[in-house]
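What follows is each chain in one-letter form.
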Amino acid sequence: MTTAQIAPAARSRLLPPETGRAGFADALRSEFTKIRSTRSTYWTLLALIVVCIGIGALSCAGTAANPKGISPAGFDGTQQSLAGLYVGQLVIAALGALTITSEYSTGMIRTSLAVQPRRGVVFAAKGVVFAVVTLVVGLITSFGSFFVGQAILSSGHAHLSATLGQPNVLRAVIGGALFLTACGMLAYGLGAVLRHTAAAISAAIGLLFVLTVLVQFLPHTWQNNVDKWMPALAGSQIWTTKAASGPHMFPPWGGFAVLAGWAVAALIAGLVLFRTRDA
Amino acid sequence: MIEARGLTKRFGDKLAVDQLSFTVEPGRITGFLGPNGAGKTTTMRLILGLDRPTRGSVTVHGKEFSRLAYPMHEIGALLDAKAVHGGRSAYNHLLCLAQANGIPRARVGEVLELVGLTEVARKRSKGFSLGMGQRLGIAAALLGDPAILMFDEPVNGLDPEGILWIRNLMKALAAEGRTIFVSSHLMSEMENTADHLLVIGRGRLIADCSVAEFIERNSVQSVRVRTPKPELLADLITAAGGTTVAGAGGVLVAQGLPVDRIGDLAFENAIRLHELAPAQASLEEAFMELTADSVEFQAHMPGQQDAGRTDRMHPTGVA
Chain A
1 MTTAQIAPAA
11 RSRLLPPETG
21 RAGFADALRS
31 EFTKIRSTRS
41 TYWTLLALIV
51 VCIGIGALSC
61 AGTAANPKGI
71 SPAGFDGTQQ
81 SLAGLYVGQL
91 VIAALGALTI
101 TSEYSTGMIR
111 TSLAVQPRRG
121 VVFAAKGVVF
131 AVVTLVVGLI
141 TSFGSFFVGQ
151 AILSSGHAHL
161 SATLGQPNVL
171 RAVIGGALFL
181 TACGMLAYGL
191 GAVLRHTAAA
201 ISAAIGLLFV
211 LTVLVQFLPH
221 TWQNNVDKWM
231 PALAGSQIWT
241 TKAASGPHMF
251 PPWGGFAVLA
261 GWAVAALIAG
271 LVLFRTRDA
Chain B
1001 MIEARGLTKR
1011 FGDKLAVDQL
1021 SFTVEPGRIT
1031 GFLGPNGAGK
1041 TTTMRLILGL
1051 DRPTRGSVTV
1061 HGKEFSRLAY
1071 PMHEIGALLD
1081 AKAVHGGRSA
1091 YNHLLCLAQA
1101 NGIPRARVGE
1111 VLELVGLTEV
1121 ARKRSKGFSL
1131 GMGQRLGIAA
1141 ALLGDPAILM
1151 FDEPVNGLDP
1161 EGILWIRNLM
1171 KALAAEGRTI
1181 FVSSHLMSEM
1191 ENTADHLLVI
1201 GRGRLIADCS
1211 VAEFIERNSV
1221 QSVRVRTPKP
1231 ELLADLITAA
1241 GGTTVAGAGG
1251 VLVAQGLPVD
1261 RIGDLAFENA
1271 IRLHELAPAQ
1281 ASLEEAFMEL
1291 TADSVEFQAH
1301 MPGQQDAGRT
1311 DRMHPTGVA
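Chains A and B supply the protein sequences, listed in that same order.
Quick note on my numbering: the first sequence kicks off at 1 and runs consecutively.
Quick note on my numbering: the second sequence kicks off at 1001 and runs consecutively.
Don't read these hints as lab results, they were simulated from the structure.
For each residue, glycine too, the CB sits at the ideal point set by N, CA and C.
Take the hints with a grain of salt, since some may be wrong.
Claimed, not checked - Label-pair ranges, simulated between beta-carbon atoms: (1) A:G74 <-> B:R1052: 57 to 65 Å; (2) A:H196 <-> B:F1011: 14 to 22 Å; (3) A:L214 <-> B:G1116: 50 to 58 Å; (4) A:V136 <-> B:S1089: 18 to 26 Å; (5) A:G206 <-> B:F1011: 40 to 48 Å; (6) B:S1021 <-> A:V136: 46 to 54 Å; (7) A:F147 <-> B:F1011: 55 to 63 Å; (8) B:G1127 <-> A:V272: 35 to 43 Å.
Stated by the list, open to error - Far from chain B, by Cβ distances over 10 Å, these chain A residues were calculated: (9) I6; (10) L15; (11) M108; (12) I140; (13) A199; (14) V264; (15) L271.
Stated by the list, open to error - For lysine to any residue, the following SDA-like pairs were computed, each having C-alpha atoms within a straight-line distance of at most 20 Å: (16) A:K242 <-> A:F147; (17) B:K1063 <-> A:R195; (18) B:K1123 <-> A:G107; (19) B:K1126 <-> A:T106; (20) B:K1082 <-> A:L170; (21) B:K1082 <-> A:F147; (22) B:K1171 <-> B:L1186; (23) B:K1063 <-> A:F209; (24) A:K242 <-> A:L170; (25) B:K1082 <-> B:D1159.
Starting from the given sequences, assemble the full structure and let the hints guide the process.
Printed below as a string of structure tokens:
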């Protein structure tokens, strides 16, 4: 038995504060410590950056190597350089799901809720921390993809590359980060509903990716009415500068609002279940 | 202080906790005893608000757990030492918990020192042994300098050194005036540490008393006598209002009479005694006796063939 005393050395200094209550700001600090103290966070975010920039670069390199038949008027060099987001959305969805399902798979959730039983506070703080981290890394990813992609497109084919000063380009590049954040939050909400890593990631990929592919098999007349409501297709309008996916799609912000709506629905379902279910 | 009133939790058609009403009084060690599956863990989860009661209520210091300003300062709990993210270092695990309750970072170092994990503080906890994991869980429980500590089966699976450490820690915590609420399915563990007992079986409270009272109330005092004339002494004891069971080699086990009365009977009738000893039933025996009917999964001895509870071993263990 150690002889060290159990009570804090200087009671007033090391105890919880005398007044107030454990609240949202405390929970934010706690959740930030959680997200920055596991290796999976770093690996996943690094994978996100590498995959997005890499795929964008390959895609631009393909165009730059074979530019014949591409009309500069119809070509969206911004979207081309951000093509990695199609895969990046799945990477960030995995991290979004893991942010909450890892607490269930490890049992940590029981410890977390035993120190902060106000579950809405925990759920909101976790979501906000994840969203902010994703937004920051998303901006790095998006701008990185853009600049690398444009550098490749401009090598010998200056007429195909875009600059941030051109119409809609800055909105599209920032929109790429917003798109990733919304996809991540959708998965976070699904994670809270399903509480199981594999199930949540499968559901998120199903909703974002498989659904997008499946609607391509619908008859054309149906497809035009359905695909604009699909989360990933609708949301991806925000990182285009020209209405490349067809005139029937929602405009950039309208499309993003559809994706955000899906995310909000998942978050509300997640919050309700998180608050009411036995942990 | 923890107060449960009519606390009930139903999982499907199984009543895990059934109308529990009890008070865990401050400043002493309350043992929470019951066979496996009796509802001890569920009760603790209900206290922490991890499970929602089907009926009834439980409060900590007069408030529902979720309404406590700084929960870690009121109650520190160790329910499951494995309830940590193994990829996080011990230090960061404790830091994220401390931050959730506005506890300064310096306290993390203090509790690590206290449980002897300072050297492995930066190591990921998935590599920890069971004993180290238990210490990490206790460090987390102590972070907020809580008035109440709640431990669920804290010595399960620990080596003797670890068991001794936990036992001494609980005594030290109680000596500081803290309330300790500790569950176990081992009576022997409680016999040495607890002041008060709450015993449950199949979700129901079956005893709420001090350890001494528990033994006295639930065990039959018996006296073991060895004499060359067992038949004669047995008749005398029976005549005096006691009962006896005869064993081999002139041994009698008597019940219903105090030990000095039996000694006097033998002396007055000139019966030579070779042995005269009170057989104090241990807490373990009292517990077995009391909970025998409430063990959820009753094991049958091979060859016992449905003898069931009527053939249950007598607490004094007479063959």
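Verification of the hints:
1. A:G74 <-> B:R1052: 57 to 65 Å: The hinted range 57 to 65 Å holds for A:G74 and B:R1052, with Cβ atoms some 58 Å apart.
2. A:H196 <-> B:F1011: 14 to 22 Å: holds, 19 Å
3. A:L214 <-> B:G1116: 50 to 58 Å: Holds, since A:L214 and B:G1116 (Cβ atoms, about 57 Å apart) stay within the stated range.
4. A:V136 <-> B:S1089: 18 to 26 Å: Hint holds: Cβ distance 24 Å, inside 18 to 26 Å.
5. A:G206 <-> B:F1011: 40 to 48 Å: violated, 31 Å
6. B:S1021 <-> A:V136: 46 to 54 Å: holds, 52 Å
7. A:F147 <-> B:F1011: 55 to 63 Å: holds, 56 Å
8. B:G1127 <-> A:V272: 35 to 43 Å: holds, 38 Å
9. I6: Its Cβ does come within 10 Å of chain B, the nearest being 6 Å, so this is violated.
10. L15: violated, 6 Å
11. M108: violated, 5 Å
12. I140: holds, 24 Å
13. A199: holds, 19 Å
14. V264: Check passes; 25 Å lies beyond 10 Å.
15. L271: holds, 16 Å
16. A:K242 <-> A:F147: Since the Cα atoms of A:K242 and A:F147 sit roughly 19 Å apart, the hinted pair holds (cutoff 20 Å).
17. B:K1063 <-> A:R195: violated, 29 Å
18. B:K1123 <-> A:G107: holds, 19 Å
19. B:K1126 <-> A:T106: OK: B:K1126 and A:T106 at ~10 Å, within 20 Å.
20. B:K1082 <-> A:L170: This hinted pair is violated, its Cα atoms lying about 48 Å apart.
21. B:K1082 <-> A:F147: violated, 46 Å
22. B:K1171 <-> B:L1186: holds, 17 Å
23. B:K1063 <-> A:F209: Roughly 47 Å separates the two Cα atoms, so the pair is violated.
24. A:K242 <-> A:L170: Holds, because 13 Å separates the two Cα atoms, which is no more than 20 Å.
25. B:K1082 <-> B:D1159: Between B:K1082 and B:D1159 the Cα gap is close to 17 Å, so the pair holds against 20 Å.
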